[in-house]
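Trainee: One-letter residues, chain by chain:
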Amino acid sequence: MILDEDGSVPDLKLMVVDDEPNVTDTYCIWLEDEYDVVPTYGGKEALEKLDNTVDVILLDRRMPEMTGDEVLEEIQERKEDPQVIMVTAVKPDFDIIGLGCDDYLVKPISKHELFDTIKNVVRLGKYSGELQEYYTLISKKAALESEKPMEYLDGNEEYQELKSRIDTLEENIKVASQSLDAEGFIATTRDLMDDRHSYQRGRTR
Amino acid sequence: MYDVSEIELLEPVEELEPGTSILVSGPPMTGKRKLVFQILAEGGKRNENSIVVTSDRSADSVLDDYSSYHENLDRVAVVDCSGSQGPERTDTDKVGYVSSPADLTGISIQVSEFMEEFRKTDMKLRVAVISVSTLLMYLDIETIFRFLHVFTSRIQNVGALGVFVIDSTSIEYQTLSTIKQPFDGVVEFRDNDEEPPELRVTGLTPQPTEWRHAD
Chain G
20 MILDEDGSVP DLKLMVVDDE PNVTDTYCIW LEDEYDVVPT YGGKEALEKL
70 DNTVDVILLD RRMPEMTGDE VLEEIQERKE DPQVIMVTAV KPDFDIIGLG
120 CDDYLVKPIS KHELFDTIKN VVRLGKYSGE LQEYYTLISK KAALESEKPM
170 EYLDGNEEYQ ELKSRIDTLE ENIKVASQSL DAEGFIATTR DLMDDRHSYQ
220 RGRTR
Chain Y
835 MYDVSEIELL EPVEELEPGT SILVSGPPMT GKRKLVFQIL AEGGKRNENS
885 IVVTSDRSAD SVLDDYSSYH ENLDRVAVVD CSGSQGPERT DTDKVGYVSS
935 PADLTGISIQ VSEFMEEFRK TDMKLRVAVI SVSTLLMYLD IETIFRFLHV
985 FTSRIQNVGA LGVFVIDSTS IEYQTLSTIK QPFDGVVEFR DNDEEPPELR
1035 VTGLTPQPTE WRHAD
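Protein sequences appear in the order of chains G and Y.
If you read the first sequence in my numbering, its first letter stands for residue 20, the second for the next number, and so on.
If you read the second sequence in my numbering, its first letter stands for residue 835, the second for the next number, and so on.
Hints are computed from structural coordinates only; laboratory data are not their basis.
Treat the hints with care, since some could be wrong.
[As the list claims (entries may be wrong)] Coverage of chain G stretches by chain Y, computed from C-beta distances (three or more under 8 Å per stretch; other residues unrestricted):
| no. | segment |
| --- | --- |
| 1 | 113-122 |
| 2 | 145-154 |
| 3 | 157-168 |
| 4 | 207-215 |
Every residue, glycine too, gets a C-beta built ideally from N, C-alpha and C.
Just chain Y, same shape as in the assembly (with noise of 0.2 Å):
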């Protein structure tokens, strides 16, 4: 099981079962990066590992966003796929650099090589995805439905936690209802005028749980 009770935001789960995944929504500047970093942080806390595929930020910014939740990097890997380092950028024991967020074949093999690597030390393994919108500027939906099922099922198959984020003011309603299918669980934030934003978690427990603030 993966434990995520220290995690307020997720009340009342407490744990998730190894091949989980979730997707993470809102509009931006709600707290769904927070929510991930914190996520993958509990898992650093217990020596777990991670990869992250990032594709909007450099590899640096995302382990700076990780040290500061926790401070170990020795179980973090990440996939760059942003470009933001240039097509020449070699590869690093834990970062792997993919061109671009268009070559979602580079981002697949980049992320079963550190599995396989992970897959050696035993321990569980808790995958993000940050963010699946910027792959929709790159490709359209129908490719990215059928990546992000594939994707999914692997992370089932060899037990992890897979936690996805996506920008939902970036698409239409039907095409995030969509987005939706593959996944166990939804984390939902929402906007709410001068107030902080609220949340709410779907799938994850029996009934919906209420909105709530997100702070």
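So that you can see chain G by itself, here it is in the shape it has in the complex (with noise of 0.2 Å):
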């Protein structure tokens, strides 16, 4: 996911789910100046409606006919891959992310904190993004640097975009990690141990 300049999302999808109509609806008011929102009711039509367009869900953990665990549950499951915030009753143990959502909130939610999540979560995502981007780039180029002479790679085009590339991701990883709390830490570690399942799938295939 790209950023703008001044840090801002651009064209995000966010998913509202709550069985209370006018608390998905008083969501919605709130995000709907700077994200395209799509309003749900409950746990199923959540999921009816989720496809790969979405990017966040704001998921209510209790619901009556499916639970926030349930949908979340089914969410892993599936191939989107949207970053969830669960909203609970009360402050929730750091086991809730690893069961996959990427943050929480805590009831009453005030408008400030939910953007600051939102924007939390996207920033969470960058990160970990680009921390698997920086792995691969440094292996590509230690293995150019045993495989070619200094002299040769100096006037070599793709080194050197590489170089900077790397130079690139290590100020971005660097500037992202600093707000890495609690919460991040273990979205993150859960986030590669996913990417290495689905790669491992990938090549049994």
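Hey, can you piece these two chains together into the complex? The hints should help.
Mentor: Below, the structure written as structure tokens:
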């Protein structure tokens, strides 16, 4: 995901899931100025409407028909990979992040908190992706360096581009990692474990 | 600042800035583990907290080792992912169990819980991981690299001191140089034929130290 220069998130699509219609609608009114919003009023409806254009889901944990945890579990098994912010009545354990949500909000939520948390999970997703790209590029760079003499690499355009991309990533990662909180630490770790599983699945297919 | 002035192995380093993470690398039986416990115990003497993530020995064995450097275990927590206690072992105040070294998410949860607990005491925190080599037996280098990056960032954000151990004979040279990347400094041990092992410190002083006896 690419951020605008002012750090805001362009064209972000957000799904709101809460069984109380006035709660869903309130969040949507707050959010619709900045984001593309999809209001839903229950877990089943949310799962039906979820596709890979949805970037972030704001998911109420306690819902009668299907709980937030159940919705989360199903999202984990699907190919769509939205970031999930769980909305809970009481402060949850860190385990909830291990289950697959990226952050949580404790009711009642202020507009300010909501925007902050959305920005935070988007930043986290970007950080995680950049960390992955960073590893790929530094491995590539190390391989080139072991294969080719330095005089050759100095004049090689591909190698120079690689180096400058690595520098940019390093800077971005450094900035992003400075706001890594406990939830971010766990969510990013879970994320890199998930990548590993999908890689292994891809390899055995 | 984290005081390490009493630790001869780290000379001439006297103190380390909050947020620093160091990698201790070398062959087996060269003194890596001893150095880690010395670093933790120096914290213990100053009422600082410690978290030890152990992947190759049980929590009991870690606490036992720690107590031979510093008797008071009140401020030590262990995250045991060695699997040596069986899957059903229940967490205690001071020990959190993770089913296997391959469960990095579980490790991050347990570490975060102890970090939050210790942050309430407002005292400094030293974190050790013994060892990264075991994690590499279960997981690929990319996964471990990314994990170390995130883990050391978290250590930096809470202003803790991180010490990670790796057996340099268990991995290729190129893997080791990639693994070093997220760390601020490295303490390298090496075998030295009939003589005692040698060590040098890089990244923590303006110039790397010379190789010297590690006894």
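Trainee: Each hint should be assessed against the structure and marked as holding or not.
Mentor: Okay, the hints, checked on the actual structure:
Residues of the segment 113-122 of chain G with a Cβ under 8 Å from some Cβ of chain Y number 4, which satisfies the need for three, so the listed coverage holds. Under a criterion of three residues with beta carbons nearer than 8 Å to beta carbons of chain Y, the stated coverage of the segment 145-154 of chain G is upheld, 3 such residues being counted. Proximity of the segment 157-168 of chain G to chain Y, defined as three or more residues with a beta carbon under 8 Å from a beta carbon of that chain, is established by the 4 residues found. Counting residues of the segment 207-215 of chain G whose C-beta sits closer than 8 Å to any C-beta of chain Y gives 7, which meets the bar of three, so the coverage hint holds.
In this structure, none of the earlier numbered hints is contradicted; all agree with it.
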